[in-house]
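Asks: One-letter residues, chain by chain:
Number of protein chains: 2
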Amino acid sequence: MAPSKLSLESRKKHHILTIAGSDSSGGAGIQADLKTIEAFGCYGSSVLTGLTAQNTQGVQAVHEVPAEFVVQQLKSVISDDIPTCIKIGMLTNASIIKSIAKELKNLNTINILDPVMISTSGHTLLPEDAIEALKELYPSINHFTPNIPEAIKLTNYSKLKSKFNSTSNGSNNVNNNLNLEEMILLAKETNLKTGAFTVLLKGGHSSIKRQELLNLKGKYKIIWEQSDEDSDDIEVLSLFSKYIEIQQQQHQDNLVVDILVNKGEIQCLFVNKKIESKNTHGTGCTLSTAIACTYATESREGPDDWNFRMFKRAIAYTQSAIASATPFGQGHGPLNHSHLSVKRTLPPPTKHNPHPFLSHLIQSNLPLWKSYVQHPFVVQLGKGTLPRECFEHYIKQDYHYLKHYARAHALGAYKADSFEDISAFTDIASHVARESQMHVAYCESFGITLEELEKTPESAPCAAYARYVIDVGTQGDLLDLYMSVASCLVGYGEVGLWLKKQVDKGEAVLEGNLYKRWMEDYSGKDFLNAVERGIENLERRVAENPPSETRLTQLTHIWHECVRLESAFWEMGLKLQK
Amino acid sequence: MAPSKLSLESRKKHHILTIAGSDSSGGAGIQADLKTIEAFGCYGSSVLTGLTAQNTQGVQAVHEVPAEFVVQQLKSVISDDIPTCIKIGMLTNASIIKSIAKELKNLNTINILDPVMISTSGHTLLPEDAIEALKELYPSINHFTPNIPEAIKLTNYSKLKSKFNSTSNGSNNVNNNLNLEEMILLAKETNLKTGAFTVLLKGGHSSIKRQELLNLKGKYKIIWEQSDEDSDDIEVLSLFSKYIEIQQQQHQDNLVVDILVNKGEIQCLFVNKKIESKNTHGTGCTLSTAIACTYATESREGPDDWNFRMFKRAIAYTQSAIASATPFGQGHGPLNHSHLSVKRTLPPPTKHNPHPFLSHLIQSNLPLWKSYVQHPFVVQLGKGTLPRECFEHYIKQDYHYLKHYARAHALGAYKADSFEDISAFTDIASHVARESQMHVAYCESFGITLEELEKTPESAPCAAYARYVIDVGTQGDLLDLYMSVASCLVGYGEVGLWLKKQVDKGEAVLEGNLYKRWMEDYSGKDFLNAVERGIENLERRVAENPPSETRLTQLTHIWHECVRLESAFWEMGLKLQK
Numbered sequence: 001m002a003p004s005k006l007s008l009e010s011r012k013k014h015h016i017l018t019i020a021g022s023d024s025s026g027g028a029g030i031q032a033d034l035k036t037i038e039a040f041g042c043y044g045s046s047v048l049t050g051l052t053a054q055n056t057q058g059v060q061a062v063h064e065v066p067a068e069f070v071v072q073q074l075k076s077v078i079s080d081d082i083p084t085c086i087k088i089g090m091l092t093n094a095s096i097i098k099s100i101a102k103e104l105k106n107l108n109t110i111n112i113l114d115p116v117m118i119s120t121s122g123h124t125l126l127p128e129d130a131i132e133a134l135k136e137l138y139p140s141i142n143h144f145t146p147n148i149p150e151a152i153k154l155t156n157y158s159k160l161k162s163k164f165n166s167t168s169n170g171s172n173n174v175n176n177n178l179n180l181e182e183m184i185l186l187a188k189e190t191n192l193k194t195g196a197f198t199v200l201l202k203g204g205h206s207s208i209k210r211q212e213l214l215n216l217k218g219k220y221k222i223i224w225e226q227s228d229e230d231s232d233d234i235e236v237l238s239l240f241s242k243y244i245e246i247q248q249q250q251h252q253d254n255l256v257v258d259i260l261v262n263k264g265e266i267q268c269l270f271v272n273k274k275i276e277s278k279n280t281h282g283t284g285c286t287l288s289t290a291i292a293c294t295y296a297t298e299s300r301e302g303p304d305d306w307n308f309r310m311f312k313r314a315i316a317y318t319q320s321a322i323a324s325a326t327p328f329g330q331g332h333g334p335l336n337h338s339h340l341s342v343k344r345t346l347p348p349p350t351k352h353n354p355h356p357f358l359s360h361l362i363q364s365n366l367p368l369w370k371s372y373v374q375h376p377f378v379v380q381l382g383k384g385t386l387p388r389e390c391f392e393h394y395i396k397q398d399y400h401y402l403k404h405y406a407r408a409h410a411l412g413a414y415k416a417d418s419f420e421d422i423s424a425f426t427d428i429a430s431h432v433a434r435e436s437q438m439h440v441a442y443c444e445s446f447g448i449t450l451e452e453l454e455k456t457p458e459s460a461p462c463a464a465y466a467r468y469v470i471d472v473g474t475q476g477d478l479l480d481l482y483m484s485v486a487s488c489l490v491g492y493g494e495v496g497l498w499l500k501k502q503v504d505k506g507e508a509v510l511e512g513n514l515y516k517r518w519m520e521d522y523s524g525k526d527f528l529n530a531v532e533r534g535i536e537n538l539e540r541r542v543a544e545n546p547p548s549e550t551r552l553t554q555l556t557h558i559w560h561e562c563v564r565l566e567s568a569f570w571e572m573g574l575k576l577q578k
Numbered sequence: 001m002a003p004s005k006l007s008l009e010s011r012k013k014h015h016i017l018t019i020a021g022s023d024s025s026g027g028a029g030i031q032a033d034l035k036t037i038e039a040f041g042c043y044g045s046s047v048l049t050g051l052t053a054q055n056t057q058g059v060q061a062v063h064e065v066p067a068e069f070v071v072q073q074l075k076s077v078i079s080d081d082i083p084t085c086i087k088i089g090m091l092t093n094a095s096i097i098k099s100i101a102k103e104l105k106n107l108n109t110i111n112i113l114d115p116v117m118i119s120t121s122g123h124t125l126l127p128e129d130a131i132e133a134l135k136e137l138y139p140s141i142n143h144f145t146p147n148i149p150e151a152i153k154l155t156n157y158s159k160l161k162s163k164f165n166s167t168s169n170g171s172n173n174v175n176n177n178l179n180l181e182e183m184i185l186l187a188k189e190t191n192l193k194t195g196a197f198t199v200l201l202k203g204g205h206s207s208i209k210r211q212e213l214l215n216l217k218g219k220y221k222i223i224w225e226q227s228d229e230d231s232d233d234i235e236v237l238s239l240f241s242k243y244i245e246i247q248q249q250q251h252q253d254n255l256v257v258d259i260l261v262n263k264g265e266i267q268c269l270f271v272n273k274k275i276e277s278k279n280t281h282g283t284g285c286t287l288s289t290a291i292a293c294t295y296a297t298e299s300r301e302g303p304d305d306w307n308f309r310m311f312k313r314a315i316a317y318t319q320s321a322i323a324s325a326t327p328f329g330q331g332h333g334p335l336n337h338s339h340l341s342v343k344r345t346l347p348p349p350t351k352h353n354p355h356p357f358l359s360h361l362i363q364s365n366l367p368l369w370k371s372y373v374q375h376p377f378v379v380q381l382g383k384g385t386l387p388r389e390c391f392e393h394y395i396k397q398d399y400h401y402l403k404h405y406a407r408a409h410a411l412g413a414y415k416a417d418s419f420e421d422i423s424a425f426t427d428i429a430s431h432v433a434r435e436s437q438m439h440v441a442y443c444e445s446f447g448i449t450l451e452e453l454e455k456t457p458e459s460a461p462c463a464a465y466a467r468y469v470i471d472v473g474t475q476g477d478l479l480d481l482y483m484s485v486a487s488c489l490v491g492y493g494e495v496g497l498w499l500k501k502q503v504d505k506g507e508a509v510l511e512g513n514l515y516k517r518w519m520e521d522y523s524g525k526d527f528l529n530a531v532e533r534g535i536e537n538l539e540r541r542v543a544e545n546p547p548s549e550t551r552l553t554q555l556t557h558i559w560h561e562c563v564r565l566e567s568a569f570w571e572m573g574l575k576l577q578k
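For the record, the sequence lines run as chains U and C.
Numbering of the first sequence is given in UniProt numbering, commencing with residue 1 and proceeding in unit increments.
Numbering of the second sequence is given in UniProt numbering, commencing with residue 1 and proceeding in unit increments.
Hints in this document: simulated from the structure, not taken from any laboratory.
Among the clues, some could well be false.
[Claimed, not checked] The calculated BS3-like cross-link candidates involving lysine-lysine, where the alpha carbons are at most 27 angstroms apart (straight line), are:
{"#": "1", "chain 1": "C", "residue 1": "K153", "chain 2": "C", "residue 2": "K12"}
{"#": "2", "chain 1": "U", "residue 1": "K273", "chain 2": "C", "residue 2": "K12"}
{"#": "3", "chain 1": "U", "residue 1": "K351", "chain 2": "C", "residue 2": "K505"}
{"#": "4", "chain 1": "U", "residue 1": "K370", "chain 2": "C", "residue 2": "K221"}
{"#": "5", "chain 1": "C", "residue 1": "K505", "chain 2": "U", "residue 2": "K209"}
These figures come from a predicted structure and were not determined experimentally.
Please model the complete structure; the sequences and the hints are all you need to start from.
Replies: Here it is, written out as structure tokens:
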């Protein structure tokens with residue numbers, strides 16, 4: 001059996017610290033970082049290096065945070081809980097860089113540096129002397145994620161250019177649209193100059209042609225989007241989307257290649273289709289933080305243990321965040337950081353609220369539930385004033401109902417896929433068969449033979465309910481079946497307990513009550529144990545497999561239908577309906 | 001039919017701006033606010049008023065942001081996109097308060113003020129002169145959420161005290177542990193003095209006895225936790241949890257009451273059991289931001305239109321965030337802001353990636369998929385080199401398989417709950433019945449009569465596959481059934497397309513090929529349309545009802561089993577297996 005979600009929920013989250021600037025518009029900086037960290041289910045803290053007054057159109061002003069206060073924030077965070085990974089973004093000035101470099105030396109954290117130098121909107125965020133100071137930070141950096149302009153700046157690419165004499169077309173223009181070979185050299189050079197354990201050179205500024213990649217096939221590991229393997233020849237993945245067809249026509253030669261280098265060796269090329277979108281504000285912040293999160297959450301042997309999947313997951317997250325973003329603001333809008341999350345329809349079970357599903361079911365229509373468990377039939381039964389003929393009619397029909405109820409559990413055993421569930425269902429079916437003996441005994445005491453009991457025609461309310469349960473169980477899955485039998489089990493437990501309480505309060509009587517055995521059976525330990533197991537089972541199934549909104553609506557509908565049919569069943573007894 | 005999730009995803013999120021301080025440890029301030037906003041699926045931006053160097057043990061230092069820069073941030077945000085709600089938290093000093101008050105006057109936003117004056121750890125965060133300045137802000141505030149010490153400070157409660165002569169026990173100590181009547185007066189007084197549209201007086205500092213509340217029953221609307229109605233007498237909700245039993249024994253008289261006042265009138269009392277927890281750092285920030293989110297997301301007539309549910313949902317979210325939090329740091333740990341989210345197991349469909357589910361299914365075991373759709377049987381069939389007896393054996397068995405495949409779709413029609421689905425399934429069943437005519441025609445051309453065809457014994461690989469499909473369909477729900485028939489449909493489409501491509505590349509032949517009709521049928525428009533509809537249907541079902549991890553594993557398992565059985569089916573043909 002899968003571990004209960006309760007224990008999963010209570011596991012401490014991975015702590016990711018971001019050292020970066022604030023973007024008031026919420027799309028980049030620590031805001032993007034914290035949103036990404038939430039998306040990956042980690043815990044985010046932040047040290048601010050500078051504040052920007054910013055929106056999707058640009059950076060309007062910057063407020064630098066004093067270096068001492070930056071250090072003070074960092075000390076406050078790490079003196080309390082050491083993060084697994086630290087993502088370092090905008091560093092504002094040389095003084096802050098030097099202070100952070102000093103602090104990081106003594107920490108055994110995995111550090112990812114995204115050298116934020118220019119905002120998406122083109123604003124310079126790191127002065128020249130600060131770029132020099134970055135060298136002091138490099139020894140502490142595990143993963144480094146520059147884009148092409150940043151890598152060119154940091155490696156002084158103009159010197160590297162001479163190496164291209166043989167391939168260059170003689171032009172003196174060094175623009176950012178490098179070809180793949182140039183990018184590979186740049187990535188290696190960046191790895192060499194920074195000494196970072198890995199460098200991921202982000203290729204978003206260059207468009208790479210498919211043929212360039214095919215030329216390198218076999219030489220380097222190429223990881224195409226959405227696959228670790230070569231899925232180029234799977235037809236159904238591309239043929240049935242007019243969107244993709246259009247994209248393929250327009251952009252099949254417009255690929256983005258991110259290059260991963262480790263210890264001077266190219267490890268792989270991550271290839272993605274270019275997404276045409278204005279919503280790219282904060283892409284760099286998001287990707288580097290996503291790497292921190294995937295690094296923290298994948299199991300590792302040590303800080304230098306890594307795999308392709310970490311980078312691939314982070315890149316895929318960032319791609320989907322761009323692709324699923326909606327326009328926001330007047331300029332470059334933010335990414336959709338929460339695209340990986342679905343809203344939980346029920347809170348997780350906690351000690352404080354151990355039965356959120358049952359609570360939802362009952363409270364989603366409390367008057368309906370009360371009309372069932374506190375029905376006049378029940379009230380009169382408790383007082384002993386219920387006419388015997390009503391009870392007689394009810395108990396005969398309930399005898400029929402129980403047969404179908406037992407069959408429903410047998411169907412549950414058929415639908416189960418573990419021996420544990422098979423046993424549980426067949427146990428209940430046997431238990432229900434025994435429960436029918438009380439009905440036989442009551443009928444005998446009323447002078448009704450077993451033969452007469454068996455021959456009693458099924459009333460419409462009984463058939464409506466019993467056949468509904470069987471049909472839901474056949475039509476749906478095991479949980480649907482479970483839902484269709486739950487309100488009877490839980491409701492009779494409620495009735496048993498409620499009547500007991502009424503007896504204590506003097507509003508019902510037990511001694512001398514014709515229905516004493518019935519009342520005792522449904523408030524007895526045996527039956528209540530079964531109710532408790534049933535509730536735990538229901539909660540466990542739902543916690544292990546959290547329902548979507550659509551699914552919760554379906555399940556709640558089955559519950560309400562059964563509650564309504566239960567209520568009609570009492571009514572049948574009271575009104576002697578056929 | 002429910003609207004597709006694709007359109008839901010692409011709806012612009014509600015924009016919530018937080019004007020507050022930064023908490024480096026991530027548990028309070030804008031960090032808590034942004035995490036809360038993410039949890040509610042809204043979009044968060046932030047204006048920083050001050051930075052704290054802080055952890056779970058306390059505030060170690062504060063850096064004030066110049067008032068002009070606060071205004072600059074606010075202007076950057078609102079000049080780009082007007083938020084629906086603004087939550088205002090720590091304001092640091094009088095100058096900032098006055099600047100913000102001036103800006104808010106011209107904005108038509110819903111403003112929630114949480115007067116952060118003292119941190120959970122006891123640090124004073126607002127000087128005396130700033131408290132006076134708050135009066136300038138009040139006219140712009142819609143909802144005000146002070147706790148008891150804050151409300152006492154802001155209303156100068158000592159004056160109010162004289163009103164308690166009749167009820168007070170003569171003690172001169174004014175401590176924060178007010179009784180319920182005192183809290184009600186305080187809430188009204190706060191509403192009066194601030195002029196806020198509503199005041200939610202947070203009662204966490206006072207323990208209220210159950211009897212105090214019962215005395216007020218009928219006088220005020222009392223909303224017990226997890227219910228809008230009186231569910232006190234539902235036994236099953238409390239009896240089966242030993243945790244709750246313990247809590248009831250220990251704390252049934254330890255209730256937290258939050259009081260909602262609107263225009264001087266008490267609207268309701270929200271009652272919750274006190275949660276004993278150290279993880280309460282940032283509770284106030286979280287609750288006020290949660291109110292901003294519930295206010296933004298509930299449908300409203302206008303800014304002053306409100307309902308109980310907004311406050312109740314925000315309080316319930318905060319309670320669960322405390323209850324589900326795990327220890328973090330050495331002092332008061334943060335709340336679990338993400339308890340409402342579950343990780344999506346598949347990215348939402350986008351134009352860029354329209355079939356994430358199919359992509360997952362195929363790529364989760366690409367070698368298995370290829371071993372099916374590019375099986376030697378298929379390769380030889382395309383080249384026309386497949387021995388006729390192999391094809392004959394295959395086509396006879398496939399005739400049997402199709403009968404069960406049609407039955408599976410009829411079972412789908414039985415399991416469907418819309419006329420649309422019923423028609424879709426019966427249409428496919430008819431289509432499959434027609435498809436069998438090709439089999440009959442091939443057999444006739446091989447000299448096999450229909451009678452002989454019908455009498456051919458079902459081979460083990462055919463029975464294994466066909467009966468698996470029927471059993472999965474019977475055992476599970478409609479989606480399970482859908483999964484069990486999908487890999488045949490999609491795989492034959494793939495084979496049809498792939499063979500067509502092989503013909504184009506000269507690696508397969510059509511003219512003069514004995515299997516021409518077969519190849520043309522499965523690459524024909526009719527069949528490929530059915531494949532496309534099948535894929536769209538699958539994606540829609542999964543997007544509308546996003547699968548949990550457990551569910552996705554089940555669905556993927558069915559897919560892989562069928563792919564394996566399909567592969568074995570070709571193998572049967574090639575090896576003439578009985």
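Asks: Which numbered hints does this structure break?
Replies: Per hint list: 1, 3 violated.
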